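J.: Quick mapping for you: the protein sequence lines, in order, are chains A and B.
As numbered in this note's numbering, residues 1 to 315 make up the first sequence, in order.
As numbered in this note's numbering, residues 1 to 315 make up the second sequence, in order.
Any given hint could turn out to be false.
Any copy will do: because identical chains look the same in the list, a pair fits if it lies in one copy or spans two.
Here are the simulated lysine-lysine pairs, DSS-like style, with alpha carbons at most 30 Å apart [to be verified]:
no.	residue 1	residue 2
1	Lys52	Lys184
2	Lys127	Lys284
3	Lys193	Lys284
4	Lys244	Lys215
5	Lys299	Lys192
6	Lys59	Lys299
7	Lys127	Lys159
Just so you know, these hints were derived from the structure itself, not from any lab.
These numbers were taken from a predicted model, which means no experiment stands behind them.
There are 2 protein chains.
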Amino acid sequence: MFRPEIKVLDCTIRDGGLCNNHKFSHDFVRRVFQALKNAGVDYMEIGYKSSKDQFSPDKFGPWKFCDDKDIEQVAEDCSLKISVMGDVGRFSPADVKPRSESLVNTYRIACYIKDVDKALKLTEELKAKGYETFINIMAISHALEPELDEALSQIENAKYVDGIYIVDSFGYLYSEQIHYLSEKYISTCKSKKVGIHTHNNLQLAFSNTIEGIIKGVNYLDGTIYGMGRGAGNCTTELLLSFLKNPKFNLRPILDIISSDFIDMMAKYRWGYQIPYMITGSLNKHPRSAIAVMDSKNWKNFTEFYEARIAEEDLV
Amino acid sequence: MFRPEIKVLDCTIRDGGLCNNHKFSHDFVRRVFQALKNAGVDYMEIGYKSSKDQFSPDKFGPWKFCDDKDIEQVAEDCSLKISVMGDVGRFSPADVKPRSESLVNTYRIACYIKDVDKALKLTEELKAKGYETFINIMAISHALEPELDEALSQIENAKYVDGIYIVDSFGYLYSEQIHYLSEKYISTCKSKKVGIHTHNNLQLAFSNTIEGIIKGVNYLDGTIYGMGRGAGNCTTELLLSFLKNPKFNLRPILDIISSDFIDMMAKYRWGYQIPYMITGSLNKHPRSAIAVMDSKNWKNFTEFYEARIAEEDLV
Chain A
1 MFRPEIKVLD CTIRDGGLCN NHKFSHDFVR RVFQALKNAG VDYMEIGYKS SKDQFSPDKF
61 GPWKFCDDKD IEQVAEDCSL KISVMGDVGR FSPADVKPRS ESLVNTYRIA CYIKDVDKAL
121 KLTEELKAKG YETFINIMAI SHALEPELDE ALSQIENAKY VDGIYIVDSF GYLYSEQIHY
181 LSEKYISTCK SKKVGIHTHN NLQLAFSNTI EGIIKGVNYL DGTIYGMGRG AGNCTTELLL
241 SFLKNPKFNL RPILDIISSD FIDMMAKYRW GYQIPYMITG SLNKHPRSAI AVMDSKNWKN
301 FTEFYEARIA EEDLV
Chain B
1 MFRPEIKVLD CTIRDGGLCN NHKFSHDFVR RVFQALKNAG VDYMEIGYKS SKDQFSPDKF
61 GPWKFCDDKD IEQVAEDCSL KISVMGDVGR FSPADVKPRS ESLVNTYRIA CYIKDVDKAL
121 KLTEELKAKG YETFINIMAI SHALEPELDE ALSQIENAKY VDGIYIVDSF GYLYSEQIHY
181 LSEKYISTCK SKKVGIHTHN NLQLAFSNTI EGIIKGVNYL DGTIYGMGRG AGNCTTELLL
241 SFLKNPKFNL RPILDIISSD FIDMMAKYRW GYQIPYMITG SLNKHPRSAI AVMDSKNWKN
301 FTEFYEARIA EEDLV
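The task is simple: from the sequences and hints, build the whole structure.
T.: Set out below in structure tokens:
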């Protein structure tokens, strides 16, 4: 029997936008919206809210900013809810319209654990504008336990936060760690929705999401064909084929993979690649792997591995 | 702390040989042998033993037959043990030299569960020739429980069998099922070595191997860069980076991936592909997916999906 509380949030355009500076055409984003709607997905994360003082619209595509006028060209008010991510320090809630004037339903605030207080302040302001709010504590594999415990307690006590996400930014965790974190988040944040967002550096993004489900996590991030930064994410097609809720339909996702994502993957090369595997296995940020994948030296795997080990010697 | 009982068996040449009719050059197999030896891997499965009456050496490369003269050209007697697989009904133990005259250490007999009696007879004859023996019951996701229970009891009572493998041929299983099977195999076959061989249709090959480890499975199959039939296997590089035994060294594997496996994967296209995902999620043999991947229609994913669903309607 399926668990009706489970919701799938597809963040292809948001996390996948990190592959191409968010330069997806309106036509393409509209087709992703339609595919997700027809597949029965619950949420579509359509990009980031970012300050145009900090990021130039000449350099970044529209989904780095998520202006309501752009969203209105691709989405509609229906059972597929629109989510937008905001990084702490990179956008101003003053630029966000009230919920009643926007197609956006949900804001997810991404922060490192040191910035949870800032994330709480942002969610308070966004809740006051009428939005559903989540806090995504990034890079949880680098968090110290007492800081995490304190952050989770603060979030549990903040009435304006609707939910919290376990985020394995570096793609380092495996099942036993996911079990531990899921139990900690769920038992501490008893009144909150709890979600999971994984990366596929060690080919564990889907399995870690399953382990979250087993432990009671109900909000599941996926991206179509795994498109996302570096090694990419848990794939939406695997999630939908695993979940038993009859409302899900795999076919619209298969169709858009066929028409668009096979070619995009060949171009942007997200997914399991040895440099991402190396940073994941060493619990490191993928930035060095992303850089080397863009270089002619990308196949010098042992050289890359030695360089990452050498960084550790410097500590 | 690592578990010293854990052994890694790399079956790149054997399972990967299903991608190219076992046509690897002697030079390449020699370099794989050296890489595995230098990486500290415990076993190298070098191919199949097959009857030349049934399979033509014109059509298949040398690693379909594993003549001792071929093995002697690529391997040596050292800490890396040589394993050969034999399918029930496809080879004769009369063609196998005594252990004292061969570099082969181990025979693994592959069979469907209906043929366990035949596999037992073969292992008895191979044990009499001096070899370590395993039985790999294939396609376990299609086995009926009473048949599996009987087979495991028979194997436990057969003194000439050294070990048994859990084999997820269709890449269908996930963690909870791996836990169940691992506990069953280990508790029934108390005196035997227990191993696991996984396929990556649902991106769960590595995670399922980890779940086997957690439950006490000690013999772990991997292939370099996941090379194997269809979606391929648990990758040897992920296994070595996960296991804590200091004897393992990732670098020789990274080097040979760089020099050989990146290009081979582009040619043979094993790994996560939507047709393999579809057969895996439906618990079906991958043969229809392998056929469609070789055709011009390989991207007609929904058509392929509908055809697999329609097969079920016919039952």
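J.: Which of the listed hints are broken here?
T.: Hints 1, 2, 5 are the ones this structure does not satisfy, whereas the remaining hints hold.
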